Structure formats: C-alpha cells, structure tokens
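Protein sequences, first through last, are from chains R and S.
The numbering of the first sequence is full-length UniProt numbering, which starts it at 1 and goes up by one.
The numbering of the second sequence is full-length UniProt numbering, which starts it at 1 and goes up by one.
Calculated directly from the structure, the hints in this document are not laboratory data.
Bear in mind that the values here come from a model prediction, so they are computed numbers and not experimental data.
Do not take every clue at face value.
Okay, the calculated beta carbon distance ranges per label pair [to be verified]:
#: 1; chain 1: S; residue 1: 236; chain 2: R; residue 2: 247; range: 47 to 53 Å
#: 2; chain 1: S; residue 1: 125; chain 2: R; residue 2: 88; range: 27 to 33 Å
#: 3; chain 1: R; residue 1: 146; chain 2: S; residue 2: 6; range: 31 to 37 Å
#: 4; chain 1: R; residue 1: 144; chain 2: S; residue 2: 6; range: 57 to 63 Å
#: 5; chain 1: R; residue 1: 52; chain 2: S; residue 2: 76; range: 47 to 53 Å
#: 6; chain 1: R; residue 1: 161; chain 2: S; residue 2: 114; range: 27 to 33 Å
#: 7; chain 1: R; residue 1: 247; chain 2: S; residue 2: 96; range: 53 to 59 Å
#: 8; chain 1: S; residue 1: 76; chain 2: R; residue 2: 161; range: 40 to 46 Å
#: 9; chain 1: S; residue 1: 223; chain 2: R; residue 2: 150; range: 54 to 60 Å
#: 10; chain 1: R; residue 1: 150; chain 2: S; residue 2: 121; range: 54 to 60 Å
#: 11; chain 1: S; residue 1: 121; chain 2: R; residue 2: 185; range: 27 to 33 Å
#: 12; chain 1: S; residue 1: 114; chain 2: R; residue 2: 52; range: 54 to 60 Å
#: 13; chain 1: R; residue 1: 140; chain 2: S; residue 2: 156; range: 41 to 47 Å
Ideal Cβ placement from N, Cα and C applies to all residues, glycine included.
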Amino acid sequence: MPMVVARGAWGLLGLAGLGLAWQLGHDALGPFVLPSPAETVERLWALIVTGQAGPALAVTGVNAIGGFLVGALLGAALGVTAGLLTPLGATLRPVLTVMLGVPPIAWVVLALLWFGPRGLAPAFTVSITVLPIVFSAAFQGILARDQKLSEMARVVGASPLLSFRMLLLPQLLDPLLPALATALAFSWKVGVMAEVLGGGTGIGGMIATERAHLDLAGTMAWILLVVALLLVCDGLLLAPMRRFLRTRRPAPAAG
Amino acid sequence: MLRFEDVTLRYDDGPVLAGFDLAVAPGELVVLLGPSGCGKTSLLRLACGLAAPSSGRVVNGFGRTAVVFQEPRLLPWWPALDNVAFALAAQGVTRATARHRARALLDRFGFTDADTRKRPAALSGGMQSRVAIARALVVRPDLVLMDEPFAALDVGLRRDLQDLVRAAVTETGLAALFVTHDVTEAVRLADRLVVLSARPARIVHDERNQPRDEPAAMFRAAAALLDRPVVRAALLAPAAG
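Throw the hints in and build the complete structure from the sequences for me.
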C-alpha cells in the first residue's frame, strides 16, 4: 500500500510540475500566446456551467465510443477468423498492414470527402483507425495460441464453442486488452481531430470555432476537457484492466 | 479393441513406423517400452486420431478414448476443478454435474477443497499430473492412452501415480496403452509388455507380465527382461536423435 501511495504522490508531483511549467510559460510569453492555467480552468468551468460542454461532450463521446465499438468488434472478429483460417489470414494481413500504415489524418480527409463535413466522418475515421490495431492483436493472439492445448481440446472432443470460451478467449485477452486500451485512447484523439477538420458540434468542432475566433483561452479550455476525458477513461477502464491482467499472470510454479 | 494393421507412418525425415501391427484388448494395460525417439508417441497420436497413417489402418473400436500427454497440458487460467470438468463439458455433461463429478474424483485423488480451486501454476508438478490423469479418467473412458506421463516426476511421486493408474485399470476394467522408456515402471504396471526397436519402430519382444509392487521382485523382473539380447539391443542402443 505505501508503494501505491508513493507512486500516486510522484504522479501528482509530475502534474504539478507540468502546471508550473505552463504558468512560467504564460509569465514569459504573455496571455496572447499562452493563457494562464487559472484563466483556462475558469473558461472550462464557464463552459460546463453554461451548458456548452455537455452537448459537445455527448457528440464527441458518441463519435469516439461508437466508432471504437464498431472498429473493435469488426477488428476482433476479422482477426480471430483470419487467425483460424490460414488463407484468409494470408489475404487479409497485407491489407490490414496497409490500413495500419495510412495516417489517421488521411482517413479524415477521405471521410470528409465521402461523408461530408458533419455526420459519420469522425466515427468512420475512428473505426477505420481502430480496426487494424485490434485486428493485428487478435490475429497475433490466435497465431500464438498454444497448439498443445488445442490438441488436448480436440482429443477430449470439445466443441468449437467450448474451445473458444475455455482456451482461445483467455489466450486472446493478453494481447487484445492492451490493444483495445491503445485503440480507445486513439479513438478520442482521432475523433476530436476529425471534428476539428470537419467543424460540427463536438469538442473538435468547438476547438475549430475558438481557433477561428483566435480565442486561445477557449481553445485551451476545450483541450483541457479532452485531456480530462482521457484521464477519466484511463481511470475507469484502463487501470482496472491493467490490474485484471496482472492477476491473470500465473503465480510461479511450486516444487 | 484397438488395432494397428500394417501401419506405416512417414515424416519428412524418414519412416517412424513401417508395417506395424499391434492389438490392445479390453481390460489390459499394455506398456510400450522403447528407446527415446523410436515412435512411441506417434503410435499414441495415431490411436487417438491426432495423426493419420501414411498407409495401413488404425482401428479404434473402444467407445471412449482418453489421453494423458507427456506434459499435463492444463488450462492455466482455470482452477483444477474446471480443468477436470472441461473433459466432461466437452462430452455435453451439464456444468453442475461436470463439476460435481470432477470434485468427487479429485477428492479421491487427494485434493482438498482449497486445492481444487487452485490454478495449475499454484499446484506442484505431482498435483498437476494428478489433475491431468483425473481429466482423462473422469469421462470413464474405455481406453486411456498415456505418453510417459510421469517422466518429469521424482520416484516417490511416480510410484503414487502409477498406483493410481493401476488401480483405475483394475477397478474399472478399462484398457490402457502406456508408453515409457523406464523398464522398472514397465514391469511394475504392465499386464503385457511390448518392447520396440529404434526407429522405425517394430516389436522386438512381446510378453505377458504380472504387475509387481515389491521392489526386489520388480528389479529382478526388469533385470530378466534386460537379459534378453533383443531387448537389450533395443533399449540400450544409443538414442536416435
């Protein structure tokens, strides 16, 4: 427990240092280049109490999480199938590698052309970014599965469904959960990026508007909101997941 | 009845079996004794359908076949109880019944309630082997194939587990094909001893055996077996690869 407290304390120290650097930067460069932390937090508070933050947050949330869910489900399903069926795996692997190599910003541009500046473009961009990340984790997880255990399952006559639940799924979780965590963090960033370029009503759209008004404090306030969202996301989903993965690590064998 | 009829099995680096014939009758514990790498494991893989012969036939007329592999091959994420129940679930037994039967068998194998809830990594090597044997026996097989299941264990543990297997065969009348390269293990367990040559495996000696528990008698029987020139030539030849 003291270790955990100490780690938390160091973490807070790091964040405090960042705040201090921000303040010093503000003092040196002036409010037109870098608004002060206090002013930014004030603006953020104003966004929340005037009811601007809520709806923007909801739009971005739907884009990011909706896009993430579609991309992750498709990626996992395709990855597992491709891992189990060798020809499909051989066919899909280079395609997904190409997809993985396309920078998200290029997808944003394409999505804006295909879907128009509003609507599906951000969610699509998130999905198409998440899909290959989750695909390769699922694919590698299936390829790296323990063949000896699969043989055992075959010999006892386990159905594909039972094998999947008892053997494959647990083996998949180790590579898949960290990939999902990475992909989820990406989802917010990519979603906001697509919104910035496409305008619209999400957080990204708001950032674009503030930028157009050259309102630096407003821009920073929205950015702070995105960061806060990422931290909440990390605390609620990823930290418990990391703890879960640690408990799955087998204890050292006795005897 | 399990029958190998003129079975040939070829891998890329040459034949493992050539014109091999063997029959295992219900209720008998047949020990296959042979040098390392002679193709004993391949015979078991053929018997349980994990491999197919290059030519000839493998006919397994037993209703239910279970396998105990060289390593325990337990599912590391699940407790001992679920590892055993897995074999029953695979046969379509409901979860509650499967767990009940698994618990009863593990109890007979000396597991406390707390032990049955441990995952394999928290169990000793001997306990892991017990779980693997329980997983094979819990389905009440007619034939059990065992591939040097105790090779990695110390002598005392090995004796315990041999007794467990011998008792299961005697009590339930199941047939067993047990592979080993340990001569004393063979004479301790077997109803029938089959000695194989180095690769490609052929039978150089086949005799009825009375399982012996008393150490002096066991070592005498082992010595008598090794006194036969064909057996000595097969077992004491330098290992192939």
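Hint check results:
1. S:236 with R:247: 47 to 53 Å: Since residue 236 of chain S and residue 247 of chain R have Cβ atoms about 50 Å apart, the given range 47 to 53 Å holds.
2. S:125 with R:88: 27 to 33 Å: 40 Å, violated
3. R:146 with S:6: 31 to 37 Å: 35 Å, holds
4. R:144 with S:6: 57 to 63 Å: 39 Å, violated
5. R:52 with S:76: 47 to 53 Å: 51 Å, holds
6. R:161 with S:114: 27 to 33 Å: With Cβ atoms ~31 Å apart, the hint holds.
7. R:247 with S:96: 53 to 59 Å: Roughly 26 Å apart at Cβ, these two residues miss the hinted range, so it is violated.
8. S:76 with R:161: 40 to 46 Å: Given range 40 to 46 Å: violated, Cβ gap about 20 Å.
9. S:223 with R:150: 54 to 60 Å: 42 Å, violated
10. R:150 with S:121: 54 to 60 Å: 20 Å, violated
11. S:121 with R:185: 27 to 33 Å: 31 Å, holds
12. S:114 with R:52: 54 to 60 Å: 57 Å, holds
13. R:140 with S:156: 41 to 47 Å: Given a distance of about 42 Å, which is inside 41 to 47 Å, the answer is holds.
This entry does not satisfy hints 2, 4, 7, 8, 9 and 10, going by the numbered hints stated previously.
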